[in-house]
Amino acid sequence: MINTADMLKIFQRYRGDAIVVPGHGGRHWINISTKPNLDAIIGGGHPGMGGQASFALGLALAQPNRKVVLFDSEGDLLMGFGVLATIADRQPKNFYHFLLDNECYGLTGGQPVPNGKNMRYDVIARGTGYPSTYNFVDIEDFSSNIERIMAQPGPVFVAMKVIPEINNLPIDKRIPWQTRRPIDVLKDLRKELGVAR
Amino acid sequence: MDQRTDNKYISPEAVVAEMKKNNVTHVVCLPDSETNWLYVLLQAEPSLTLVPVSREGLAFSTAAGLWTGGATPIIMIQNTGMMEAGDSMRGWGVGFNIPVVVIVGYRGWTRHGVTADTAAVYIERHLNAFNINYYFVESDADCARISIAFEDANRTKRPVAVLVCDEYHGSNR
Chain B
10 MINTADMLKI FQRYRGDAIV VPGHGGRHWI NISTKPNLDA IIGGGHPGMG
60 GQASFALGLA LAQPNRKVVL FDSEGDLLMG FGVLATIADR QPKNFYHFLL
110 DNECYGLTGG QPVPNGKNMR YDVIARGTGY PSTYNFVDIE DFSSNIERIM
160 AQPGPVFVAM KVIPEINNLP IDKRIPWQTR RPIDVLKDLR KELGVAR
Chain V
7 MDQRTDNKYI SPEAVVAEMK KNNVTHVVCL PDSETNWLYV LLQAEPSLTL
57 VPVSREGLAF STAAGLWTGG ATPIIMIQNT GMMEAGDSMR GWGVGFNIPV
107 VVIVGYRGWT RHGVTADTAA VYIERHLNAF NINYYFVESD ADCARISIAF
157 EDANRTKRPV AVLVCDEYHG SNR
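Note that the protein sequences, when read in sequence, are chains B and V.
In terms of the working numbering, the first sequence is residues 10 to 206.
In terms of the working numbering, the second sequence is residues 7 to 179.
One or more of the hints may lead you astray.
Claimed, not checked - Taking lysine to aspartate or glutamate pairs in the EDC-like style, the calculated list, with each CA pair at most 20 Å apart, reads:
1) K170(B) - E149(B)
2) K163(V) - D193(B)
3) K27(V) - D123(V)
4) K26(V) - E51(V)
5) K163(V) - D197(B)
6) K27(V) - D148(V)
Treat the hints as calculated values from the structure; they're not laboratory data.
Because the structure is a prediction, the values reported are computed rather than measured.
For reference, chain B alone in the conformation it holds in the complex (with noise of 0.2 Å):
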């Protein structure tokens, strides 16, 4: 299983100008990125589970000329999962869709998705017409495609099976981790990309 942290330090090298969606590996990205304005860092579920990746959809559509990373969960994506028959539909080529897969729903105390260890995600994407699909479960193999991914049109799907954080505490008990509110967020991307008004 891949480390997340480890693994979005490599990613890193290759991002480009990208807008990256981090999701849930976003207490991670926090400290890795080099381009905080361009990270749409909103919080795995705070605005409201299931929608990241069509979110980050929505990025990718207005500014189809810049690359658009997202780092999804599985149980996010499962939440809402109609939504790999709309980025088929719509086939971004500048779309890419990383699934930070643990099986299980790391925030509430680690209970397992629904069929969390025999899912296959990568191929349910290639069956919804991502013409890209990847499945990892070790940082070797990661390291060694993902500059090809990323240099490849989109949409792309990579799936990655990661180690479980799990967070036992009570809400009012965790660190916050986001430096910015969600809305300041969205306001630096939007001046970022020369869109505010």
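Once you've looked at the hints, dock chain V against the given chain B.
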């Protein structure tokens, strides 16, 4: 009487004209029984990109991404779907200050007698619970309210609904 020339109904052309007037770029939608011919017009309109969603909750997160990236989205769903999308509207729409207009097909709307369809019984209560402003559109003469809805959304930085009260008439041919 030809329903399309009678001023009591909504013509799809009037709705598309309002979208173009307000520089809409993307229509995030899930088709419903009221908007058959409107959908056909939208598909043919070169200035608009249709983004089909498979469940209405995804419309708000998609619209949030589009707006953040500089596009001008509009959402088009039925009142049933508007209620299904409640938490998404809360988080992605209201929570992120997204000024999106939502064209809502008012299934079950009736001016007379008892409202039999629970989708119609609850939709306004649902919108009021979230403090969402809304405007009724029953005919072409009302379509200017779509522009008012855009002004409202941009001023308040919140989703605003346009309730389309014409069911099986102007938009269905």
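To see whether the hints hold, each was checked on the structure:
1. K170(B) - E149(B): holds (13 Å)
2. K163(V) - D193(B): holds (14 Å)
3. K27(V) - D123(V): violated (33 Å)
4. K26(V) - E51(V): The given pair, whose Cα atoms are some 10 Å apart, holds under the 20 Å limit.
5. K163(V) - D197(B): Given pair K163(V), D197(B) holds - Cα atoms ~16 Å apart, limit 20 Å.
6. K27(V) - D148(V): Judged against 20 Å, a Cα distance of about 15 Å means the pair holds.
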